[in-house]
Amino acid sequence: MNYADLFRVTLPETALEVAALIVLIVDLGFLHKAALKVRVTVAALLGVVGCGAALWAIGIQVGLGLYVDESPVLAIGGGVAVAQIGILVLTALTFLLLIDLDFTRHVGEYVAVVLMAATGGLLIASAQDLLVIFVGLELLSLGLYILTAFSKGSGKSAEAAMKYYLFGGMSAAFLLFGFSYFYGLSGTTNLFGIQQAIWKSGPSVLFFVAWILVVAGLGFKVAAVPFHLWAPDTYEGAPASSAAFIASVSKVASFALLISLSNSWLRIGERSWSGTLLTGTLLTFLVLAAASMIVGNLAALAQVSVRRLVAYSAIAHAGYILLGIAFIPGISGPGTKSDLASPVWVETAVLYYILTYGLTTIGAFGVVSVVERATGSDRLDSFRGLHKRNPLLAAVLLVLFLSLAGIPPLVGFWAKFNLFAAVLGVSAGAVPFGLVALAVALSAVSLYYYLQVLKRAYVMPAIDESPIKAHPVTMAVLLFIAATVVILGCFPALLQGWIQSFYPIP
Amino acid sequence: MSGLATGFPILTLLTVLPLAGAAVALCSGKHARGVALITTLASLALALVVWAEWTRFPVIGGYGFIEQHTWAPSLAIEYHLGVDGLSALMLVLSAIVTLMSVDAAHRVHHQPELYFGLVLVLESGLFGSFTALNFFHWFLFWELSLIPAFFLIKLWGGARRGPAATQFFVYTMAGSVALLVAFLAIFVATGSMDFGQLAFLASTGALEPMVTAHLGPVMLWLAIGVLAGFAVKVPMFPFHTWLPAAYAEAPSPVTMLLTGAMSKMGVYGLLRIAIPIFGHQISQIRTPLLVLAVATVVMGAWAAAAQKDLKRIFAYSSVNHLGYCLLAIFALAVPAAGTAAQTSQAMALNGVILQMFNHGITAAALFWFVAMMQQRTGGHRGIDQFGGLRKPAPVLTGLMGIALFSSLGLPGLNGFVGEFLIFRGVFSLAWVAATVSVLGLLVTATVILTVIQKVFWGPVANHCEGFPDLHHNERMALIPVIGLMFLVGLVPSLIVDSVNPTVLNLLAHWRF
Amino acid sequence: MLAWAIYLSFAGALAEALLPKGRAALSRWLALAVAVAGLAVAVAGYWAGIGQGRVTIVDLAWVPSMGIHFLLAADGISRVLVLLTGIAAVAGVLFSWNIELRTNEFFAFFLALIGGVYGVFLSFDFFLLFVFYEIAIVPKYFLIAIWGSTRREYAAMKLAIYSFAGSAMVLIGLLAAYTTAGSHSTTLDALAHAGLPLSFQFWCFPLVFVGFAILAGMWPFHTWAPTGHVAAPTAASMLLAGVVMKLGAYGCLRVAIGLFPRGLDPWGFSLLGIASWRDVFALLAVIGIVYGALVALAQTDFKFVIGYSSVSHMGFVLLGLMTLNQIGMTGAVLQMFSHGIIAGLLFAIVGRIVYDRTHTRQFAELEKMHLAKRLPFAAWAFVVAGVASMGLPGFSGFVAELQVLVGAWQVNPWWVAAAGVGIVVGVAYTWRALQKAFFADVLPTPNEHPRTGWPKFEPITWPEVTGVALLGATSLIVGLWPSILLDTIEPAVKALLAGGVQ
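Residue numbers (the numbering used here), protein chains in the order written: chain A, 918 to 1423; chain B, 25 to 536; chain C, 1098 to 1599.
Treat the hints with caution; some may be incorrect.
What the hints assert, rightly or not - Straight-line alpha carbon distances no greater than 27 Å define the calculated BS3-like cross-link-like pairs of lysine-lysine that follow:
| no. | chain 1 | residue 1 | chain 2 | residue 2 |
| --- | --- | --- | --- | --- |
| 1 | C | K1118 | A | K1386 |
| 2 | A | K1305 | C | K1553 |
| 3 | B | K54 | C | K1553 |
| 4 | C | K1553 | A | K1372 |
| 5 | A | K954 | A | K1117 |
Claimed, not checked - Simulated DEER-style distance windows between Cβ atoms:
| no. | chain 1 | residue 1 | chain 2 | residue 2 | range |
| --- | --- | --- | --- | --- | --- |
| 6 | C | G1370 | B | A198 | 26 to 32 Å |
| 7 | B | R131 | C | P1552 | 29 to 35 Å |
| 8 | A | L981 | C | L1115 | 34 to 40 Å |
| 9 | B | S517 | C | L1577 | 54 to 60 Å |
| 10 | B | I84 | C | W1126 | 41 to 47 Å |
| 11 | A | V1403 | C | G1150 | 41 to 47 Å |
| 12 | C | L1577 | B | I84 | 23 to 29 Å |
| 13 | B | R499 | C | A1566 | 42 to 48 Å |
| 14 | A | Q978 | C | P1317 | 55 to 61 Å |
| 15 | C | Y1104 | B | A198 | 31 to 37 Å |
| 16 | C | T1563 | A | A1358 | 42 to 48 Å |
| 17 | C | L1577 | A | A1347 | 44 to 50 Å |
| 18 | C | G1365 | B | A360 | 50 to 56 Å |
| 19 | B | R131 | C | E1462 | 32 to 38 Å |
These are computed hints drawn from the structure, not numbers from a lab.
Being a predicted model, the structure only gives us computed values, none of them experimental.
Backbone N, C-alpha and C define an ideal beta-carbon position, used for all residues, glycine too.
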């Protein structure tokens, strides 16, 4: 392995790490005695600069990924770049929303941990080797546990972090166990190497056991049913910006990882259509997807805490995304194929979905945190009369929640449409169709709980009529997010075209 | 007259004129009656012009003053107007009766502008339905006349006006539905809604096969549906039960309209629509229809005899008089008539048309008198509430007496001519029915004489002491009407001459 | 040019949302100006389109990689329905003149809804149509939830969820059709000519049809309609019954029948006399006609009568669509227009003119109020609206219903018999409502009778008069000169039928 290569390929990660160190130095060293506001502003800005540097680094990446002994360890370009850019942009937005942070005095540490977690995210998005995956995953997860616990004054925060940590640790163990079996089966830790080996040797019981273990571990990460139990508590207990980060960045990274897995391992049976291998691995994803959609949407109906509502809706959205990931390689069977549909249609659709979903979620958490700050709780009732107390904020809430519900002409609708069209476009048969129908139907159900929040904001009379003030930077960021949601929804070709530009023209 | 050519839409003008008048009347407040009088006078003038001149210009298919434009081609709906002798006479009748009604209504306290507006809209409906030659157009005006009539009863009527108005509306509406369904079926089978075309198809015998081909053997049912629609309007036993209540509860000027003109819509419908198109089917069920007609005649007379309320007496008497029309119409539905029978048919048909006109005038006049009596005694109209009126009101007695005798059918007055011709014709065509109907004549005579005796003769009743006689205005208004009764009674050829060619033309084209 | 109706409405909505609070008068006049501008565009577009077939207005490649086009076009049917929307919009604004609570937000939602409706009628790309269809859902929710009356929050949510469920079904159909056709394009023409296999059309047609028919108030998916109409504020009910239900019917025609015509073919077997989806939906339509009428007859709340009568009248539209012949479908489109106007007028009278003054809609109370004397304008306006609703010749409903019946007769006479029953019951319930609300002579008991004479109602305002005149005149004009609309509708229906619907 060539260290120059390593440096070239991991330039973005390096940039983030450097930024983290700088933040620590500046905050603990120079600004030790300064006011909280100043420290926060400086740290956040440094974080944003760090993200910017990493983005620039991605921009100048050329060539192939990192190879060790002829097998890829880290990939660059294509979908990986898209995911990494998404992670960085969302991290930057998280920093901007940090501006009125007040739950901790350890600002530098917080920002540094965020940056380090983001680094982990970048790693798993590009990882092609089991060990690298695990390292990146742990880097990300440990960071997230810490971020959840950061609000030392809140019992909920500590409880949530504890649950998250215990659950997460256990699933990491499962994951590692599964990885070890894969190594045993194939003799290599490289994803494609494993694919080749298993294709040669055919399916076996051990493979399926390992597969289930890996799915369990990764299902936890994306909060898929039945590995989702940590999510509502974490979303509720963590400080707002941590929750925003978990809900957006870590999701993007985890799904990017799943895309890599889907590209490699789900193609195992590709050459033989009737391979039980394929149907077996595909089936697990489908079951997870269906279960997440159903449980997530139904449970959200009953929530009275907006954060938990968002958590369950996140589970539901994870279900839709998993549906997409399951069909990335498509089922080639008798049926129509489109010439417009490139082989990567589903993959780009999934990326589109997770990026826009992440953006919308950060915005949603931004609104929730403002309201929480002013009213002291995130119950539905604290949103009452929002249209009077802060009309702009209510408008942002309207746009974001309707986008999550999938109402055109907002981006959430396009993301869903694109994803479902892609799934059906590359696969024929009753199974993909049935699941897409289920997803659409459950989307209709989801309108009910999103409207519950909007009903409080617009329809029901306020309990307290005093105006709610938000920090101007926060408002600016939220308005920017809302505007982006509208614009991307009205002109879907913009983001779509940008994502597709990363892929080689077929 | 210069400017009058078949190109000038005189019939449209005639139909629209009352509508314009109604619009003006609605804005005129208490001058509404004046506006209505002017409008009805103008309509009368126009109607007389139409009646006098319709043969002067090219007559197509028996109709003059034809106006024909496409309206909604996909449904074969055309704006098709035209008059022949029958319709022209009806136009004149409607105009006269409406004028009489407006004249009689000189004490409308409550919202007169609305009252006269509705009356004028009703007149327009009458004109429209008498000149229409396409089903849709005809049906539109048929239905349109219902609304003002309903409101006139409902808003200005007597104590039990609510149920009376509702019953009137419901019955007539039900009849209209039957008509509509039947004509829809005809349209589906033939693609035409034009009365002329349909009559032609029927007269060549082509209609029934067309209908049967499209819809099955339903022609008889369609005929019954159409008859039902008209049976309600005329009315014919047993669909007449709405009439006494409606006539009694409506304010008398409105009753004049109902009996003078609206009831003629039903008979006209039979002559213009039912017989030409469904003649064959009618001749197939001629006997039951004759039975019903006779029942109408006899029952009407008997019921009149049993009433105590003057308005109800005259209401049932109207039923009886119109029963003669029905009798004649059904009697002449004889297939393949020989020359003798044809003469009888012509006589009967002439009689029907004359009876329509005469009964209209007479009945309207009678109700006018009742209105005057009510006004003078604060609302009394029971036969027993009056007595000896000839003493305080000789002019009234004289004029009303003439009208009553006309209703009885005294020769020399107009009521006689129509009934005479009808019986002449019907005796040859259906002597049993004619014989039984004579009963009706006898009972009617009894009723009328009883009325005369109780109201005018005998000791003067209590409150009739200071009964004021007719004013100058009223005399001026009534004398022409009475004069008309004498005129038509003594010189019936005035009307018969203009009607007879139409009669012969119609009979020539009807196929039973 | 017609596209300006859409743009102006949305621009107006945005402007209204940004207006400062407390400027109610400015809000109203702005809304009226936008609505009138939209109507002017609609009329001008209608005029310009006479004699033309389908005219493409805008065609942009929206998402080229997927073949989605921003395609706005108009044929005869679209122009007629756009005209309806324009008239209904102006009338709706006029009848909302007295709204004081959050006036600018009301008109913002109102104009957004109108914009969405215009969009649906002018879209010839399935995806674009769907987008506009969905856009119309959210403003409805807020209009009812914030400004409505009886049980408004429940009614609003029910309406939103039903509509969304229906559109979910349509979305599934859209996705399926698009991908089965090879994922080339979402324009209606492309999908119609894509040669979708028969087996596909057999299930996709009912799915999409039912999805749209829910919004059209087809029995038994109609239950959102009476609740929703009653709860909604007047202008919203007028729009809901008048225009939004027509969105559903239009979708059934343009999309379901237009794209999947083979779905109406006989199945090959017959179940209790039903042998195709066409029979099924015709049966449901007829049930809707009769059921709606019978239930309307039994209501004690004035507005519920009108709500159920809407379900009944929409049954005529759906029946007309199922005849699949020229005259029946022409009648269906004409009925869409006619009922849109008449329903708007009925709701305006009941909601704005009567309810806002009497504060009750129960017949038992209205009977004692002598409304014929105290509110003669309302009474006579309702007479006109009522006879138009009954289908009296001279008003628009007669010709429309006549055409539907003739068309239905050509397919199955039993349908006509049942529909005829519906018409007769229609006369009955309208009559009953008229009598009970305005012309009942029920005298109040002594202690109900006001001692000091009847309190005066607020006088009738000029917007109300203008609105009634606009709607009443439209129905009358179309009734007397149906060729104004028929000349435009008939060629369009012919073209649609020639395109493969047999």
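To see whether the hints hold, each was checked on the structure:
1. C:K1118 with A:K1386: Since the Cα atoms of C:K1118 and A:K1386 sit roughly 19 Å apart, the hinted pair holds (cutoff 27 Å).
2. A:K1305 with C:K1553: violated (36 Å)
3. B:K54 with C:K1553: Distance ~24 Å between B:K54 and C:K1553 Cα, so the pair holds.
4. C:K1553 with A:K1372: violated (38 Å)
5. A:K954 with A:K1117: Distance ~60 Å between A:K954 and A:K1117 Cα, so the pair is violated.
6. C:G1370 with B:A198: 26 to 32 Å: Holds, since C:G1370 and B:A198 (Cβ atoms, about 30 Å apart) stay within the stated range.
7. B:R131 with C:P1552: 29 to 35 Å: Because 31 Å falls inside the window, the suggested range holds.
8. A:L981 with C:L1115: 34 to 40 Å: violated (52 Å)
9. B:S517 with C:L1577: 54 to 60 Å: violated (41 Å)
10. B:I84 with C:W1126: 41 to 47 Å: 57 Å Cβ-Cβ, so the 41 to 47 Å window is violated.
11. A:V1403 with C:G1150: 41 to 47 Å: violated (36 Å)
12. C:L1577 with B:I84: 23 to 29 Å: holds (25 Å)
13. B:R499 with C:A1566: 42 to 48 Å: holds (45 Å)
14. A:Q978 with C:P1317: 55 to 61 Å: holds (60 Å)
15. C:Y1104 with B:A198: 31 to 37 Å: violated (52 Å)
16. C:T1563 with A:A1358: 42 to 48 Å: holds (45 Å)
17. C:L1577 with A:A1347: 44 to 50 Å: violated (55 Å)
18. C:G1365 with B:A360: 50 to 56 Å: holds (54 Å)
19. B:R131 with C:E1462: 32 to 38 Å: holds (35 Å)
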